[in-house]
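Participant: Each chain is listed here by its residues.
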Amino acid sequence: MKKIIMFYARECPHCRVMLPLVDRLEKETGITFERLEVWHDEKNADLMRSYRHILAPACGGQLRTPTFFQPESQAILCGEVPYERLKAWAEEALSLKA
Amino acid sequence: MKKSWRCFICQDIHVGNKPPEICPTCGAKNAYVEISTAEAVGITQAFPRQINREAFLQAIEALAAQNEFRVNPDKEKVNLLLDGLFANEENHGYKFCPCRLQTKDFQEDMKLICPCHFVIHETYRHRADGECWCGLFQRRPR
Numbered sequence: 000m001k002k003i004i005m006f007y008a009r010e011c012p013h014c015r016v017m018l019p020l021v022d023r024l025e026k027e028t029g030i031t032f033e034r035l036e037v038w039h040d041e042k043n044a045d046l047m048r049s050y051r052h053i054l055a056p057a058c059g060g061q062l063r064t065p066t067f068f069q070p071e072s073q074a075i076l077c078g079e080v081p082y083e084r085l086k087a088w089a090e091e092a093l094s095l096k097a
Numbered sequence: 000m001k002k003s004w005r006c007f008i009c010q011d012i013h014v015g016n017k018p019p020e021i022c023p024t025c026g027a028k029n030a031y032v033e034i035s036t037a038e039a040v041g042i043t044q045a046f047p048r049q050i051n052r053e054a055f056l057q058a059i060e061a062l063a064a065q066n067e068f069r070v071n072p073d074k075e076k077v078n079l080l081l082d083g084l085f086a087n088e089e090n091h092g093y094k095f096c097p098c099r100l101q102t103k104d105f106q107e108d109m110k111l112i113c114p115c116h117f118v119i120h121e122t123y124r125h126r127a128d129g130e131c132w133c134g135l136f137q138r139r140p141r
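Order-wise, the sequence lines are chains F and R. Quick note: the first sequence, position 47, residue 46 per numbering that gives the first Met the number 0, numbers continuous. Quick note: the second sequence, position 104, residue 103 per numbering that gives the first Met the number 0, numbers continuous.
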């Protein structure tokens with residue numbers, strides 16, 4: 000089953016805003032997110048860095064949190080956005096073919 | 000390539016492409032001589048100083064007071080960011096931005112040390128409500 004990765008950081012205020020929206024989206028739609036903390040988990044950080052060539056160009060040239068990433072379609076969404084935008088992006092990202 | 004320089008009057012250390020013409024500490028003119036990185040580090044370490052949360056907050060407020068931006072008045076957000084900055088310094092050696100991730104290329108990662116050069120970022124430049132990416136700094140309202 001396709002999933003969306005959410006790269007986030009424990010002390011990132013934007014991530015604090017987005018995490019409850021992700022919880023809500025999961026409950027309302029059944030979409031699955033994999034939440035990966037990147038400043039206190041080196042394995043997660045290495046994974047995010049491995050996608051740097053894909054993520055950074057879409058996020059101001061840097062690895063920023065939060066970043067939402069759908070690996071098969073390589074759809075990317077960066078930063079703090081309203082719930083409806085997150086929902087629309089996630090649904091589109093999961094409908095795209097690789 | 001940045002070099003290290005020492006004021007031969009007061010021992011101030013400067014790291015940069017060229018030395019200051021006037022020493023900001025003693026006011027001497029043309030007093031800087033190039034030294035090795037090891038010597039510069041040794042002299043710097045002879046004056047150990049810890050910057051705790053309060054001192055860092057005072058430092059960035061002093062920086063902001065001289066510029067067009069301010070420290071975010073949202074104290075809860077600032078406290079969370081300070082948690083992240085000091086956790087990153089403890090775990091990774093520098094006050095890296097808690098809302099970005101280091102690449103492990105130090106030349107690149109120096110851009111993440113807070114305060115970063117956020118005034119050129121798209122989240123700040125040309126925006127009346129501009130902020131740095133993490134929101135620690137924001138353009139001061141007119």
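Any given hint could be a false lead.
As the list claims (entries may be wrong) - Derived lysine to any residue pairs resembling SDA-like cross-links, with alpha carbons at most 25 Å apart: (1) R:Lys28 / R:Cys9; (2) R:Lys76 / F:Pro70; (3) F:Lys26 / F:Glu41; (4) R:Lys110 / F:His39; (5) R:Lys103 / F:Lys86.
These aren't lab readings, by the way, just hints derived from the structure by calculation.
Participant: Against this structure, judge whether each hint is valid.
Facilitator: Checked hints:
1. Under the criterion of a C-alpha separation no larger than 25 Å, the hint pairing R:Lys28 with R:Cys9 is consistent with the structure, at around 12 Å.
2. For a cut-off of 25 Å, the pair hint linking R:Lys76 to F:Pro70 is broken: about 31 Å separates their Cα positions.
3. Our distance criterion of 25 Å between C-alpha atoms is broken by F:Lys26 and F:Glu41, whose separation comes to about 29 Å.
4. Under the criterion of a C-alpha separation no larger than 25 Å, the hint pairing R:Lys110 with F:His39 is consistent with the structure, at around 20 Å.
5. Straight-line distance between C-alpha atoms of R:Lys103 and F:Lys86 comes to about 33 Å, which puts the hinted pair past the 25 Å bound.
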